[in-house]
Amino acid sequence: MANADCIIVQGSNMAEAHPVGFQWVMEAKARGARIIHVDPRFTRTTANADKHVPIRAGSDVVLLGALINHVLTEELWFREYVQAFTNASTIIDERYQDPEDLDGLFSGFDPETGRYDPASWAYRTAQPADPSHAHDDASRGETAGAGGPPLEREPVQRDETLQDPRCVLQILRRHYARYTPEMVEEACGISREDFAYLARSIVENSGRERTTCFAYAVGWTQHTGGAQFIRAAAILQLLMGNMGRPGGGVMALRGHATIQGSTDIPTLFNLLPGYLPMPMAGTHDRFEDYVESIGTKTQKGFWADAETYAVNLLKAWWGDAATPENDWAFDYLPRLTGAHGTYQTMMAMLEGKVDGFFLLGQNPAVGSADGRLQRLAMSHLKWMVVRDFSMIESATWWKEGPEIESGELRTEDIGTEVFFLPAANHTEKAGSFTQTQRLVQWRHQAVPPPGDAVSELQFLVELGNRIRERLAGSTDPRDRPLLDLTWDYPIDEHGEPDPESVLREINGFHVSGPDAGRPLSSFAQMRPDGSTAGGCWIYAGVYADGVNQAARRRPGQEQDETAAEWAWAWPANRRILYNRASADADGRPWSERKKYVWWDAEQGRWTGRDVPDFPVTKEPHDEGDPEAGGAAGLSGSDAFIMQSDGRGWLFAPSGLVDGPLPTHYEPVESSIPNPLYDQQANPTRVSFRSDLAMNAPGVDGLGGAAEVYPYVFTTYRVTEHHTAGGMSRFLPYLSELQPELFCEVSPELAEIVGLEPYGWATIVSPRSAIEARVLVTRRMRPLPIAGRTVHQIGLPYHWARGSEAVVEGDSVNDLIGLNLDANTQIQNSKVTACAIRPGRRPRGPALAELVAEHQRRAGIDADTGDEKVTIPPPAQRRVHVPGEAPAPPTEDPTEEEDR
Amino acid sequence: MSRFSPLEWPVLRQLRGADPLGRGSAVTSARTRATTPRTATADRVVRSICPYCAVGCGQRIFVKDDKVVQIEGDPDSPISRGRLCPKGAASEQLVNFPNRVTTVRYRAPHATDWQDLDLDTALDMIADRFLEARRAHWEDLDEKGHPLRRTMGIASLGGATIDNEENYLAKKLFTAAGAIQMENQARI
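From first to last, the protein sequence lines are chains Y and E. Residues 9 to 907, numbered by my numbering, are exactly what the first sequence covers, in order. Residues 19 to 206, numbered by my numbering, are exactly what the second sequence covers, in order.
Heads up, some of the hints might be wrong.
Here are the simulated lysine to aspartate or glutamate pairs, EDC-like style, with alpha carbons at most 20 Å apart [unchecked claim]:
1) Y:361 / E:161
2) Y:876 / Y:212
3) E:82 / Y:436
4) Y:361 / E:157
If you are wondering where the hints come from, they were derived from the structure by calculation, not from laboratory data.
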């Protein structure tokens with residue numbers, strides 16, 4: 009980021025939540041970069057920025073779409089970059105229809121299932137698609153790993169003049185044609201002057217000589233279309249030539265020490281290590297079908313070797329029991345049948361379908377959306393294990409949770425057994441964290457853990473040992489995966505397993521042959537024949553030469569800016585992904601100023617300041633082997649080496665479940681009619697029918713709860729606390745710095761509602777009501793939207809009720825409903841309808857009465873807001889869509905009314 | 019004691035010493051002068067990484083008598099260049115905070131309070147319950163006869179604050195047991 013000429017922070021309060029990382033934004037500013045903060049609130053980030061652009065929460069795609077439209081209309085995009093490295097010229101299937109044609113839906117929507125069939129979003133090929141290769145689960149995000157479903161290796165059709173009306177660039181122009189500065193003013197509350205400033209800043213700081221960087225955090229992910237917010241920024245960055253280059257990119261600012269690592273080596277239902285998907289019942293019954301669905305051997309790029317990665321994982325887990333005859337023990341893997349995310353699991357828990365629950369350093373009673381539902385779900389468990397440092401609220405809800413106070417639950421009635429096991433902290437065990445830029449950093453153990461505290465490593469190994477002992481001698485086939493598991497880690501005199509032995513397994517090693525036992529030095533050494541094993545292919549090399557590369561600590565001051573000898577970044581210690589794009593089609597740096605990786609013709613190889621993200625000896629003008637898959641199939645300008653066409657995707661023909669292009673939908677509880685389409689909210693969003701998770705959409709005809717819940721709140725962090733507070737509210741220093749929950753309101757809203765500064769306010773949503781101290785501040789600004797004024801309230805979410813922490817306060821997540829992005833299963837936490845009034849909330853049963861009284865007045869129930877399609881018959885349509893006359897639609901959207 | 023000497027009058031100290039403006043050594047008390055930083059008396063310094071957000075700041079952990087006495091930023095880190103935010107700077111308390119619980123606690127069904135439990139006993143009880151829940155909610159095939167080989171009786175949440183090696187073993191063990199409902203903060 010220090011190398012950027014312009015930084016747009018949007019969907020993040022980086023100075024507050026990532027303060028030490030923010031020094032690089034300040035470094036860029038000191039070097040002359042322009043910093044712009046797009047955010048509903050004026051924050052610490054804004055205070056350090058050149059410009060604040062206040063935005064209505066949830067309207068980001070309108071703004072980003074308008075920037076895309078602006079650079080396309082004014083022909084300000086980086087033509088050479090776009091032609092060389094993106095799919096702008098690729099022709100899309102004739103059947104594709106845009107939301108401009110269908111009033112907010114893409115072609116292929118099935119109102120019965122609420123899902124899209126993405127077949128019509130595909131690239132046009134010479135032959136019609138072979139139905140035997142159809143992936144009938146492509147409509148479901150949980151079936152695909154990082155690459156999305158594969159593309160067949162048929163020559164795609166391109167129009168290099170970019171004039172064909174079905175080429176991606178022309179579709180993009182039409183799709184965003186109505187995303188104008190006027191629309192931005194109406195939908196986002198951003199003035200035309202501010203929009204012009206933002207657009208000018210990006211345009212003037214992009215191109216050969218300059219780069220612009222975007223940074224986001226959960227202000228983008230926690231929406232019902234969060235993945236598309238990020239996609240919109242990626243499209244703009246591709247159009248402006250800002251991907252794969254120093255000072256460019258779309259930077260995810262992640263919020264936990266190894267939340268990146270726990271995605272790479274996932275404790276997530278849908279993934280196996282290295283972004284391989286968990287197999288899906290019916291679709292992936294056979295190993296062959298499973299690997300083909302990740303990447304076909306004939307497709308270009310590095311997912312063509314999916315079989316190799318999968319074989320190495322299975323070999324690492326099941327050793328000698330994984331053989332070619334049994335497809336490497338593929339049948340030992342359990343199968344998915346849909347989304348099994350944490351919210352689906354909590355709903356199953358509520359119905360008594362889950363017996364046991366492990367919490368490994370997470371506090372869902374406070375940190376997950378709809379806290380009351382979370383706690384009530386846990387009360388249906390037979391047993392739970394909480395591993396933490398102190399008595400977090402997820403360990404004490406049965407004793408002193410809000411539902412005990414309100415009388416809804418009685419301790420004596422709760423049958424859940426709770427085991428609290430103390431955990432070793434980061435100084436008391438060795439291991440690696442992967443930080444937000446994929447850098448794997450090792451921690452050395454400083455002291456032994458106190459008392460009964462042990463690492464998760466020791467806990468898991470001992471639990472595994474006990475489970476395996478109890479099953480020893482079992483002839484039940486379901487126990488084979490546990491009994492055949494490789495589970496023989498060296499244990500030291502304190503009972504602690506050697507974490508480096510686990511890192512070595514993650515890295516991979518030679519199983520047989522002359523190098524048997526030696527660690528792999530890169531994933532290129534992996535073989536699909538069982539002669540190598542490796543637990544996470546993208547981490548291959550972290551233990552190269554038997555050396556813990558993550559523990560390298562050559563001081564930064566002794567290195568150049570890349571600092572390649574500090575720790576180790578996956579993959580292959582590469583610091584900027586897709587860095588082939590930092591050179592032009594001929595392999596020359598775009599400019600001396602932005603030189604990073606380039607083709608050295610004399611040496612016949614790619615070279616530069618980083619590990620080239622490209623086959624190192626492939627010439628820039630190599631046409632690629634049209635017959636071969638994998639790296640050999642890539643041309644010398646296929647910079648996006650993980651994509652099956654080697655291109656950066658302006659238009660995503662697969663991989664997203666809610667459309668190939670980001671499209672603006674309103675949040676579920678918005679009170680603003682979607683200004684672009686009659687389709688109000690994202691039609692693929694995931695919601696749950698429950699009295700504990702009611703919604704209050706605020707638009708007339710769709711529920712009309714705006715009068716009862718007239719305001720919106722957005723949640724956020726403060727520097728001094730950490731998420732649900734388990735690592736901060738129990739510490740005296742941090743508790744003293746931020747002792748109490750507060751709500752930020754504008755002077756205008758305080759006036760309307762009658763809120764006194766530093767007094768109390770009660771905030772009521774369809775799920776619960778909480779109280780907070782009132783902070784009246786001009787940092788919150790009412791925005792004029794669609795002829796009315798939108799008041800936004802800010803709420804930090806770190807506090808909870810209970811006597812164990814140093815400080816307590818109501819839990820903001822109790823207010824939030826369950827509406828998930830279908831791509832990610834992540835909930836919307838950033839736009840929630842609420843009422844606010846002066847004074848403290850009622851105690852005891854009166855709290856539930858207050859919430860119920862609001863629900864009654866709003867006329868909402870468990871079904872409200874669950875209608876997925878909201879497009880009325882043509883005569884009643886509110887929005888005029890000037891799309892080209894479509895071919896007769898495959899599905900008449902008017903039939904979808906009332907669904 | 020020198021502090022009773024007239025020469026130790028602050029004004030005289032200020033005029034005599036190297037601190038004529040009275041902003042440093044001239045105005046320190048004897049107690050301050052006798053104080054040394056915990057970093058100077060530590061037995062050893064261990065290199066580590068901050069456990070809070072994902073910036074990944076370098077930490078130096080100062081240890082005396084096998085106790086963590088101070089945690090400071092690591093100036094060698096090219097990411098953090100020695101800096102820590104308030105959380106990272108307070109992380110010594112994450113080791114030594116008064117409310118930290120270091121023994122196993124157990125709440126029996128319907129009980130109104132915690133009781134103590136031996137760690138080994140707890141692990142045995144958890145292993146028994148794990149296998150029972152696994153058995154009780156086992157699914158061999160879906161309704162169309164496709165293999166499932168899984169249990170829906172066990173779930174897990176957490177991973178973003180523990181180590182890669184720990185997540186790896188968690189995923190490995192739960193997957194081998196057929197427990198698919200495994201999630202962490204990345205979903206939230």
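These are the hints, each one checked on the structure:
no. : hint          : verdict
1   : Y:361 / E:161 : holds (18 Å)
2   : Y:876 / Y:212 : violated (41 Å)
3   : E:82 / Y:436  : holds (14 Å)
4   : Y:361 / E:157 : holds (13 Å)
Comparing the model with each numbered hint stated earlier shows that hint 2 is the single one that does not hold.
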